[in-house]
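Asker: Just so you know, the sequences run in chain order A and B.
Just so we're aligned, residue 2 is where the first sequence starts under the numbering used here, counting upward by one.
Just so we're aligned, residue 167 is where the second sequence starts under the numbering used here, counting upward by one.
Hints are computed from structural coordinates only; laboratory data are not their basis.
All of these numbers come straight from a predicted model, not from anything done at the bench.
One or more hints might be untrue.
Claimed, not checked - Keeping only pairs whose Cα atoms sit at most 27 Å apart, straight-line, the calculated BS3-like set for lysine-lysine is:
(1) 241(A) <-> 9(A)
(2) 210(B) <-> 103(A)
(3) 353(B) <-> 103(A)
(4) 205(A) <-> 147(A)
(5) 274(B) <-> 86(A)
(6) 274(B) <-> 376(B)
(7) 65(A) <-> 353(B)
(8) 92(A) <-> 376(B)
(9) 110(A) <-> 92(A)
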Amino acid sequence: MSRLLEIKNLDVSFEQEQGLARALRGVDFLLSSGETHALVGESGSGKTVTSMAIMGLLPIPPGKINQGEILFQGKNLLMLTESEKRILRGKEIGMIFQEPAKYLNPAYKIGEQIAETLMTHFQTDRKAATQQALEFLHLVGLGKNKRVLGSYPHELSGGMKQRAMIAMAICCHPALLIADEPTTALDVTLQLQILRLIHRLKRKFTMGILFISHDLGVVNEISDKISVIYAGKIVESATKNQLFENPLHPYTKLLLLSIPDAAKRGTRLRVIPGTVPDAEHIPAGCSFHPRCPLAEDICHGEIPASIDYDSGHFAACHFVGKKWIDSSK
Amino acid sequence: MLIISTIVFLVIRVIPGDPALVIAGIDASESDIKAIRAKLGTDKPILTQYVDWIWKVMRFDFDTSMISGQPVTQLILERLPLTLTLALMGLVISIFIAIPLGVVSAVKRWSAWDYLGMIFSQIGMAIPSFWLGIILLLLLSVKIKLFPLFGGGTLKHLVLPAISLGIARAAVLLRLTRAAMIEELSKEYVVAARSKGLTERMVNYKHALKNALLPVITIAGIQLGYMLGGAIIIEQVFSLPGLGRLFLFGVYQRDFPLIQGGVVFVAFIFSFINFTVDILYSVLNPRIRIS
Numbered sequence: 002m003s004r005l006l007e008i009k010n011l012d013v014s015f016e017q018e019q020g021l022a023r024a025l026r027g028v029d030f031l032l033s034s035g036e037t038h039a040l041v042g043e044s045g046s047g048k049t050v051t052s053m054a055i056m057g058l059l060p061i062p063p064g065k066i067n068q069g070e071i072l073f074q075g076k077n078l079l080m081l082t083e084s085e086k087r088i089l090r091g092k093e094i095g096m097i098f099q100e101p102a103k104y105l106n107p108a109y110k111i112g113e114q115i116a117e118t119l120m121t122h123f124q125t126d127r128k129a130a131t132q133q134a135l136e137f138l139h140l141v142g143l144g145k146n147k148r149v150l151g152s153y154p155h156e157l158s159g160g161m162k163q164r165a166m167i168a169m170a171i172c173c174h175p176a177l178l179i180a181d182e183p184t185t186a187l188d189v190t191l192q193l194q195i196l197r198l199i200h201r202l203k204r205k206f207t208m209g210i211l212f213i214s215h216d217l218g219v220v221n222e223i224s225d226k227i228s229v230i231y232a233g234k235i236v237e238s239a240t241k242n243q244l245f246e247n248p249l250h251p252y253t254k255l256l257l258l259s260i261p262d263a264a265k266r267g268t269r270l271r272v273i274p275g276t277v278p279d280a281e282h283i284p285a286g287c288s289f290h291p292r293c294p295l296a297e298d299i300c301h302g303e304i305p306a307s308i309d310y311d312s313g314h315f316a317a318c319h320f321v322g323k324k325w326i327d328s329s330k
Numbered sequence: 167m168l169i170i171s172t173i174v175f176l177v178i179r180v181i182p183g184d185p186a187l188v189i190a191g192i193d194a195s196e197s198d199i200k201a202i203r204a205k206l207g208t209d210k211p212i213l214t215q216y217v218d219w220i221w222k223v224m225r226f227d228f229d230t231s232m233i234s235g236q237p238v239t240q241l242i243l244e245r246l247p248l249t250l251t252l253a254l255m256g257l258v259i260s261i262f263i264a265i266p267l268g269v270v271s272a273v274k275r276w277s278a279w280d281y282l283g284m285i286f287s288q289i290g291m292a293i294p295s296f297w298l299g300i301i302l303l304l305l306l307s308v309k310i311k312l313f314p315l316f317g318g319g320t321l322k323h324l325v326l327p328a329i330s331l332g333i334a335r336a337a338v339l340l341r342l343t344r345a346a347m348i349e350e351l352s353k354e355y356v357v358a359a360r361s362k363g364l365t366e367r368m369v370n371y372k373h374a375l376k377n378a379l380l381p382v383i384t385i386a387g388i389q390l391g392y393m394l395g396g397a398i399i400i401e402q403v404f405s406l407p408g409l410g411r412l413f414l415f416g417v418y419q420r421d422f423p424l425i426q427g428g429v430v431f432v433a434f435i436f437s438f439i440n441f442t443v444d445i446l447y448s449v450l451n452p453r454i455r456i457s
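Please model the entire structure based on the sequences and the hints provided.
Answerer: Printed below as a string of structure tokens:
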């Protein structure tokens, strides 16, 4: 499997009135082609900033990329000109968003919004583009009739809107699909349908998927690999099985313990005390130490390095293999 | 409409002044004046006059002018084309200034264009249109003789009045366009449009602009109504024989049917414009279209 997307030491900050917000503090990430790699974290941990940085859509200023590389098929995206990035967007990298209702333009028909993407990237006329749009709507399960094509977003249900958005994102056969919480705004019954659709399309077009979510349950359904992000830094990265069976970072462990489990009915659901720190006030040392049950003096002063503990299972904690959380509590 | 016609009917009868006196002249005898009042029907009780008039209005009959004796409808229709052309030209001018400048101001915020737009709208809102009209007359008609000084008949006569009318409206519309456009550009669908690789031109002028135009069109329609009102003053400045002058002389001479007819007519135009705007709005905004 070739390296499709590789992020190296990406550091992004935002100049704000309250001070400098350090959104990403050296993110490292590797996504191979044809793989679904989930980026998991709480709100404000830097998931969306990462995806916007890949798309080249960070607002600069106030945003600033301080250092790092984003290699897509070997090219450093941060070195490209605006027009080179624009050609990549939509064609090589597609993106779907959390709330399709907001991310679809209310004033244009679905067919038009798909067709314009095709017309931008290929030398097709409107008629051919509309025909292709129809085929993609069929592919995402919206039927092969012209009704959806001629509908405005408000005329469709939430699930249909998300399907239409997916059709829009994959209509140019991108090598990479970024899915930013694509199921969060949907009903639970629809979530699974959309996840299966994304999985099916990934197989069909051999896309790599960067799947952004805060929900480990959803991530468990779809991903091959998982990276856990906390306060702008990846704290653990592993295959799905490694991560679920043997979490190494206390944050990951606590996240897993906070998933409701039918087998543990009647016991109190575990929550992680405290909240993600503001990007303006990131604690010194390991940024998780104020919430960590294992924290000792070293955690206050020293940022733990990310170390490969088991054939590609990375974690950044001082106490891997030395101390562990008692999950029975 | 009924409320408006009632109010105007009452107001013009409350203000002092008797059309019979105007017609008869200063030297007329008491009996002459009484005869004229009887002929005009102003000697009848107010309620009778009111019922008579409303009954006629409902059949689109605005009565005849007390002074000239011509039907009010005919008088209005004679003067309407000029005033309507003037207002429409003013609207076109204000739209052609406001929308492009407002959009560019929003897209290139804090650029030279944006400051130019802001300065323009500040000045445009601050100066009264009749003053602008006089200045334009002085500069372009008296000094340079580019445009005729007064009179009507050709479109050239209407250019300066339309500009004086349009500038102030453009200033308001520009602010609105800029604000609407900035709001739309901050919406999520703009990010999605960029993520599809569309050019900035497409994102700005196709995706954001269509949504931003919705409030702009509503206000532009209302502005057209204001311009009909503004035309009354401007017609004085440029001595144009339009509706404004017609109504103004009607008021001077206490020509009751003319004033009443005029006000009802203008109210009708207002409603008609609002109706048209609503239709236009539903064409542009698919969300309120009735399926």
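Asker: Hint numbers the structure violates, sorted upward?
Answerer: 2
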